[in-house]
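Mapped onto the working numbering, the consecutive letters of the sequence shown carry residue numbers 12 to 139.
These aren't lab readings, by the way, just hints derived from the structure by calculation.
Backbone N, C-alpha and C define an ideal beta-carbon position, used for all residues, glycine too.
Among these hints, one or two may not hold up.
To be verified - With a Cα cut of at most 30 Å, we get these calculated DSBU-like pairs of lysine-lysine: (1) Lys134 - Lys79; (2) Lys28 - Lys90; (3) Lys29 - Lys91.
Unchecked claim - Ranges of calculated distance between the beta carbons of each label pair, as one might list FRET restraints: (4) Ile101 - Asn17: 18 to 26 Å; (5) Lys29 - Gly94: 20 to 28 Å; (6) Glu24 - Asp80: 35 to 43 Å; (7) Lys43 - Asn103: 41 to 49 Å; (8) Asn17 - Thr127: 35 to 43 Å; (9) Val112 - Lys20: 35 to 43 Å; (10) Trp26 - Arg46: 20 to 28 Å; (11) Asn17 - Pro123: 46 to 54 Å; (12) Lys29 - Ser107: 38 to 46 Å.
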Amino acid sequence: RQFSVNDKKNLYEFWDKKITSNINADIQAQPKTSRYLINLASNEYFSSIHANDIEAEIITPQFKDWSKDRYRIISFFAKKARGLMVAYIIKNRVKSPEKLVEFGIDGYSFCPEESTKLKPVFKRKQGH
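Required output: the full structure, derived from the provided sequences and hints.
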């Protein structure tokens, strides 16, 4: 059942501009050389903001696991990997997106061949 608030049909609509505005305020407080957003949220939660209104580059890492003869994004493992990357960023005080390529926890490693500046790809052959 959907939950409506005032004239908004759901909580995502209710919060979206507020969340986007607060993210932009945090971004503006950073030095110009450090204005980026690392998106480690699920697609569902990330849809609660207006990505086109974010005043920084949005970097969205992808995590792929080997399954049935090829690499695939497997939701369960990708969710865990996103959490591991959050912990890695905090523990190592990562200050630039370029340092994300050093992430190598739980068998994942950076795959430069499939990566772009805004979509670094990490793969894991086995270990799950």
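Hint check:
1. Lys134 - Lys79: Roughly 14 Å separates the two Cα atoms, so the pair holds.
2. Lys28 - Lys90: holds (25 Å)
3. Lys29 - Lys91: Holds - the C-alpha atoms of lysine 91 and lysine 29 are around 27 Å apart, at most 30 Å.
4. Ile101 - Asn17: 18 to 26 Å: Cβ of isoleucine 101 to Cβ of asparagine 17: about 35 Å, so the range 18 to 26 Å is violated.
5. Lys29 - Gly94: 20 to 28 Å: Distance hint for lysine 29, glycine 94 holds at roughly 25 Å.
6. Glu24 - Asp80: 35 to 43 Å: Between glutamate 24 and aspartate 80, where Cβ atoms are some 42 Å apart, the hint holds.
7. Lys43 - Asn103: 41 to 49 Å: Roughly 23 Å apart at Cβ, these two residues miss the hinted range, so it is violated.
8. Asn17 - Thr127: 35 to 43 Å: Holds, at about 40 Å.
9. Val112 - Lys20: 35 to 43 Å: holds (41 Å)
10. Trp26 - Arg46: 20 to 28 Å: holds (23 Å)
11. Asn17 - Pro123: 46 to 54 Å: holds (48 Å)
12. Lys29 - Ser107: 38 to 46 Å: violated (28 Å)
Of the hints listed earlier, those the structure fails to meet are numbers 4, 7, 12, in rising order.
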